[in-house]
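Residue numbers (our numbering), protein chains in the order written: chain W, 1 to 329; chain S, 1001 to 1321; chain D, 2001 to 2280.
Hints in this document: simulated from the structure, not taken from any laboratory. All residues carry an ideal CB built from backbone N, CA and C; glycine is no exception. One should not assume that every hint holds.
[Stated by the list, open to error] Listed next, with one range per pair, are the computed distances between beta-carbon atoms:
id	chain 1	residue 1	chain 2	residue 2	range
1	D	2089	S	1250	53 to 63 angstroms
2	W	285	D	2117	28 to 38 angstroms
3	W	58	S	1234	15 to 25 angstroms
4	S	1065	D	2117	45 to 55 angstroms
5	D	2081	S	1135	29 to 39 angstroms
6	D	2187	S	1011	29 to 39 angstroms
7	W	32	S	1234	49 to 59 angstroms
8	S	1164	W	79	46 to 56 angstroms
9	S	1013	W	59	39 to 49 angstroms
10	S	1004	W	71	50 to 60 angstroms
11	S	1176	D	2273	46 to 56 angstroms
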Amino acid sequence: MAISLRNLSVNYSLQQGTAHALRGVSLDIEKGQMHGLVGESGSGKSTVAFALMGLLANNANVTSGTATIEGKSFDLTKRNATADLRGRGMAMIFQDPMLSLNPVFTIGTQLCEVLRRRTPGSDRKTQGAMAEDALAKVRLSNPGRRMNQYPHELSGGMRQRVVIAMALLSEPALLIADEPTTALDVTVEAQIMREIIGLRDRIGCAVLLITHSLGLVTEYCDAISVLYAGEKLESGTVRQVQRQPGHPYTRMLFDCEVPIDRERHADASQNRFTVIAGDLPDPRRRPPGCIFNARCDVSFEDCAVVSPGDYPVRNDDSHSARCLRLATP
Amino acid sequence: MTRSQRTAAFIASRLASVMLTIAGATLLLFLMVRLVPGDFTSVMLGPRATPVLRAQITHDMGLDRSMVEQLWLFASRAATGNFGEDVVSHRPILDIVLDVVPNTLALAFSALALAMVVGIPIGVIAALKPGSWLDSGLALLSISFITTPTLVVSVILFLIFAIGLHWLPVAGAGNPGDIADRLQHLVLPSVALALGWVGYISRLVRAALLDTLAELHVRTLRAYGVSEYRIVGLYALKLALVPVVSILGIGLGDLIGSSVVVEIIFARPGIGSLIFNSIAQRNYPVVQACIVFIVAFYIVANLVVDMINAGLDPRIAAGRG
Amino acid sequence: MSGIFATLKRICSERDGRLGLAFTCLILMFALVGPLVSPDPNAIDIKARFAAPGLAHLLGTDNLGRDLLARTSVGTRYALTLAVIIVVISSIIGSLIGIIAGIVGSWIDRAVAAVFDIVNAFPPLILAFALIALYGNGSATFVLLVTVVFIPQFGRMARARAKTLRNLSFIEAERMLAVHPITIVVRHYLPNVAGPIIVLASMNLPVVIAFEASLSFLGFGVQPPKSSLGTLIKDGFISINQSWWPTVAAALVLAIATLGATLLGEALRRVIDPKSTRAR
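Chain W on its own, in the form it takes in the complex (with noise of 0.2 angstroms):
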């Protein structure tokens, strides 16, 4: 097992109260795959990331957590428990590609930053080297002609190529990719989601991939996790997950999509898109029992007094689901 997070809980401080982002979230990528934890705005996903990451904004507060990489524990409760391993052990690929490079340097020197760490001791011009390679793997065009150029010559697409590289250079364990392409023209999500893999096959890490997406995820992924509010509420590997989803709201996540061949109609207002009903719960007033409670189209006494715990779906180990329903008498 290469990557495993385990009772992971954040708290944020906010000045209407402490609200709780996480709520023990344990999740186990394999080495070599692509794990993707999907979750409406506000689940907590990034989160996950940043507290992995030990990025999370001066407001929040790890309350328990333990992450183990390649073999080492880290206790996340401690402010910068994995700082170490920043651009050696793990690294990053953001949302928005137009912010994520800094404006007055070269596309060169940012790469080269990160080989001053990976591989200290290297001269300019092997890190130069290193870094165009780089450029040439994530098929940037152009690659020498890039080193020099600033991040606004290029154009959001590229740019995702270039902390792509910035990632491939520092050769992580475990790659996170926070909604990689949401920001990026749906042409160029195909294109940057085939660099990532590409990336993954050649290093051969483990890689979490935070999306909104269920189609990014049955597309390209090898196993989910599905947060809802702070909580786990189903994980295993795509194909189990998507033949029968343990949860209710898995299921109806899955209803939302809309296939690409379905009939459209002519006149918008006449298309017919399912939405789950209802509002995610207050983050500071945790309702008792089920979570997904209130929005959960089949939810029964018990469900509003008793919390579920995480049980094994069609008596798979590798799939599991925080549903009452799945609970054996």
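On the provided structure of chain W, position chains S and D as indicated by the hints.
For chains S and D alone, coordinates are given in the frame of chain W:
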């Protein structure tokens, strides 16, 4: 367009607007002097107005010709540095001005350099731990530096070193040719002129750095393990210096302006004390020449600041800054 | 009235605001109460020339034996009065020019902006110098000429605000309903421009105080028999070898006045315009 072409276009457009401002300033200066009520030769010459000098001034400045011609004469002469001959010393006015200019430039640039060398690190230190006791202490220090008028700083420094200690010379610019002596004479005036700017620069750097540190590219560097010192002192600082440098350009005018006070108190020859003395003697042609020079310097300095900023931030030359 | 108390309360809620208020009150007390309790500032006593601070003269006397405490506090009062008058006049004229330029637009607006730029190209102290030298320096002329130097700042701010307001839908709607332009200006432009202008004015007050002191020190400002902090520093500086405390006293009052006014102005800005956190 390639990057160098864009930079050239940027410089050209800036130069054009600089030329316009200089032209406007010259016009304003011309009108300012001409709109003084009363006989112009008396205004220009004051108590020295003999019939001979009156005739000379009338001829030199073309007072018998139309206003437009006079303006053209004034502007074309100012552009070529021909300000005529001083009626007091009979030397070319340009020479009188150029004699003292190096002193003022040395004062202004040493003050600016001192302010940056001290002010930038203070700003960086304050930004490393915002809200700490160190930060709030430095904030109060900076603001007292800013608000204490140059006049007060100069007077107090003069008192301490002229009446109390006798470590440094307090009057003059030093013997010509003796560099060590000239540098010693430069210390107190530079400190007096720089103190306010130390506070100003440190506050600007702190504010700009904190803004920059909240940007997302800083998170990228953190995610790749770049040390906080390198992030603050290199990557964020370069970006944060852009607004600081812009404001420095605007402030250069104040610097030249306050140098009058400093030059008077420390009895230093310079363009400020030259203007002061010429006004006291009602020797307006010299005053005019000094002001043309100062305005041109100020505007050119602003142009240089724009160039520096274009070098710091490539987006400025690309027109996206 | 309650608005003023609320503002004061919020200014006092932070250290810099409290300090600024304390310094400002100290200086105001000195300027207002000082002349009432000290001897005649213009009473000459040749026998007591350059007297050291003592019971008879708390701050000593000057070269004519005049009481320096009385002179300094009268000078402070005059310096503050001048500075307030200059700031008030230049902010009012600047706002009006700026608003009109911003509303009218077209070439008038561009010409006004160009004039502001050109005036700004002159270092302020030197521009004031030249104007005063050319046009004389009676009290009223002095105030007017210094005002000219400070008008562009207010004008630029008001012009920028007016331009953004002009494009707002409710003002456009009133214009289309043929509401009288002066009514629109009074009802919308003035209230919206007032906030930033008040902040800018309060930030400029210490600048003008120091500016007037420098001009008076150089002999281009306040003329005898009137005295301000600048002329006091000048008089003290001339006889600095006989006694240094007159200079130090006036310089200290000047420094405290500008520090207090700046801290108070910044606190006021944070209350009125909390979004802008940058230094000036």
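Here is what the structure says about each hint:
1. 2089(D) <-> 1250(S): 53 to 63 angstroms: Violated - the Cβ-Cβ distance for residue 2089(D) and residue 1250(S), about 24 angstroms, lies outside 53 to 63 angstroms.
2. 285(W) <-> 2117(D): 28 to 38 angstroms: violated (58 angstroms)
3. 58(W) <-> 1234(S): 15 to 25 angstroms: holds (23 angstroms)
4. 1065(S) <-> 2117(D): 45 to 55 angstroms: Since the Cβ atoms of residue 1065(S) and residue 2117(D) sit about 30 angstroms apart, the hinted range of 45 to 55 angstroms is violated.
5. 2081(D) <-> 1135(S): 29 to 39 angstroms: Since residue 2081(D) and residue 1135(S) have Cβ atoms about 37 angstroms apart, the given range 29 to 39 angstroms holds.
6. 2187(D) <-> 1011(S): 29 to 39 angstroms: violated (46 angstroms)
7. 32(W) <-> 1234(S): 49 to 59 angstroms: With a Cβ separation near 36 angstroms, residue 32(W) and residue 1234(S) fall outside 49 to 59 angstroms, so the hint is violated.
8. 1164(S) <-> 79(W): 46 to 56 angstroms: holds (51 angstroms)
9. 1013(S) <-> 59(W): 39 to 49 angstroms: holds (45 angstroms)
10. 1004(S) <-> 71(W): 50 to 60 angstroms: holds (52 angstroms)
11. 1176(S) <-> 2273(D): 46 to 56 angstroms: Since residue 1176(S) and residue 2273(D) have Cβ atoms about 52 angstroms apart, the given range 46 to 56 angstroms holds.
Violation of the numbered hints given earlier is confined to hints 1, 2, 4, 6, 7; the remaining hints are satisfied by the structure.
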